[in-house]
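Engineer: Given next are the chains, with one letter for each unit.
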Amino acid sequence: MPDPQIAIKTDGLTKEFGSFTAVNAITFEVHRGEIFGFLGANGAGKTTAMKMLNGLLKPTRGRATVAGFDVYRESEQIKKRIGYMSQKFSLYEDLTVRENIRFYGGIYGLSRKAIREKTAALVERLHMEEVKDTLVKSLPLGWKQKLSFSIALLHDPAIVFLDEPTGGVDPVTRRQFWNLIYDAAERGVTVFVTTHYMDEAEYCGRISIMVDGRIEALGTPGELKARFGAANMDEVFLKLARNK
Amino acid sequence: MKIFGIFIRKEFWHIFRDKRTLLILFGMPVVQVILFGFAITNEIKEAKIAILDKSHDHLTRQISNKLLSSGYFILYSQPESDNQLEKAFQEGKTKLAVVFEPEFAQRLNKDRHAGIQLIADATDPNTANMLIGYASAIIRNWQMDFLGNPKLPYTITPEVKMVYNPEMKSVFMFVPGVITIILMLVSAMMTSIAVTREKELGTMEVLLASPIKPFFIIVGKVIPYLVLSLFNASVILMLGTFLFGMPIEGNLLLLMAEVTLFIITSLALGIFISTRTSSQQTAMMISLMALMLPTIILSGFIFPVENMPLPLQVISNIIPAKWFIIIVKSIMLKGVGLGEILKETLILTGMAAFFIALSVKNFKIRLE
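Those protein sequence lines, which keep their order, are chains A and B. Residue numbers are given in the numbering used here: position 63 of the first sequence equals residue 63, and the series is strictly consecutive. Residue numbers are given in the numbering used here: position 129 of the second sequence equals residue 1129, and the series is strictly consecutive.
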């Protein structure tokens, strides 16, 4: 019987591409309502690990459950319960804000009425009333990002996967974006976020640091700093990379 | 079903908001038909000729008049010497020259033999051949009249009749060709670009991470292009019929069914291309190089398949367009029913099934 407080659980999860092992036997648990940071340098295997969890990649070995469902056999069930925001923001640039919301709401099977209500609430929360009929391509990057995140949450998923959501935006917008993430976590949504910005790690409840496909450290930011005798996450990361 | 509607509407938004796509979708067919119909033509009409008459007698005048009254030729210049004739050719406007030797009528009466020289500008070999052919035929005709009843023991008179396209209008050849190319372009190239665009934007990942089945993603993606392709085919057929007087002798429903079959084959090809590439540019290059070129060159649209070297003839068999062009011509010009084009239809169906199976197999539920 799966524990309802466990959102994600993996055991020896591995992905090999030919002779290259992208993700090497990772084992961890993510609790319900937690903000779980998945850190690592580019190419450390963060995105591959995430794609095995959200059904885009088939694992080579190991076990994993997401929202209590098995990633091998029950990916259809998983897909209904997760939201996903890819590195590229995944909005249609030639559609307006409203049309994007309507489309993504539609593919998750929301009713027309629900879409209308959610659109209104979302547009109000993001202060986008004036641009709701503007094409997404003319919005600033930070807005696109917030919109993309809100759309990933449109169907009230239990878990939301964010793949480097803050790439290429300024620190102020990044801070605003993290406020949205906190709001979601407070409503009970589990947030699984990958990043290579070490300062963002401080915002997470717990973090795991991946180096060359393995999880080298896992814990709260405070624990990790204490264990490595570091003043900030940057130092933790550098020490880990050097010890290797 | 509802999700389908949402998908299709979204796809139309994409299409109608992209000027380039719109231009290819709606500008191209019209421009191509009109270009091929009017500008590029194999017919000879009022070709400019020069007549160098070194004899100036009643017979050379008779022959000249006969040539000029045929409608195929107009007199452009009357050079006085070989030098002037050469100049006339170099100017480039003269396509054919007729040279009568001196004392033409006298020789014909005395020696029973006189010469006419036909000189054609063979920089364009097809036209030169045709001009020579027309001119020779007219001169032969005149000779028959001149001789009265030839005193030959036997005569064989070939009676030539051009069936299905008696006036040998080239537009009859181009309309099926243009339909084929446009359908290939819209169905295969545009869909492969549309799918790879979603891969590039990263939206494909999000779609695949959603509960929609990949099969529906693909079908939702191609239906708008199927509709637009059918629309395009109708526009081209109407232009062909009303503007160029091309007949549709056979059953219109059968024709549209075959068109749909070809569209499905092309769509499957487009999807197949998009499963193998991840950038729009590569998809476009592959579509152009691997689909458009063979379609234009090997399908029999411009160059007759029968005249190709054997290896190319063999290769042409795997080009769907070759079979489709045969089908369209047979239905439109010969008015045949399904029975006569069953073989071609089955081959095309087989190809469609093959490519659909291939792309379904290749379209990865889980992205690489």
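FYI, nobody ran anything at the bench for these hints, they're computed from the structure. Some clues are possibly wrong.
Chain B side only, calculated, beta carbon under 8 Å to chain A, not exhaustive [as the list claims (entries may be wrong)]:
#1 1010
#2 1013
#3 1021
#4 1080
#5 1201
#6 1210
#7 1257
C-beta: ideal position from N, C-alpha, C; glycine also.
Engineer: Hint by hint, say whether it matches the structure.
Structural biologist: How the hints compare with the structure:
1. 1010: holds (5 Å)
2. 1013: holds (6 Å)
3. 1021: violated (10 Å)
4. 1080: This hint is violated: residue 1080 of chain B lies away from chain A, its Cβ roughly 69 Å from the closest one there, beyond 8 Å.
5. 1201: OK, holds: residue 1201 of chain B within 8 Å of chain A, min 6 Å.
6. 1210: This hint holds: residue 1210 of chain B lies near chain A, its Cβ roughly 5 Å from the closest one there, short of 8 Å.
7. 1257: At 32 Å from the nearest chain A Cβ, residue 1257 of chain B fails the 8 Å test, so the hint is violated.
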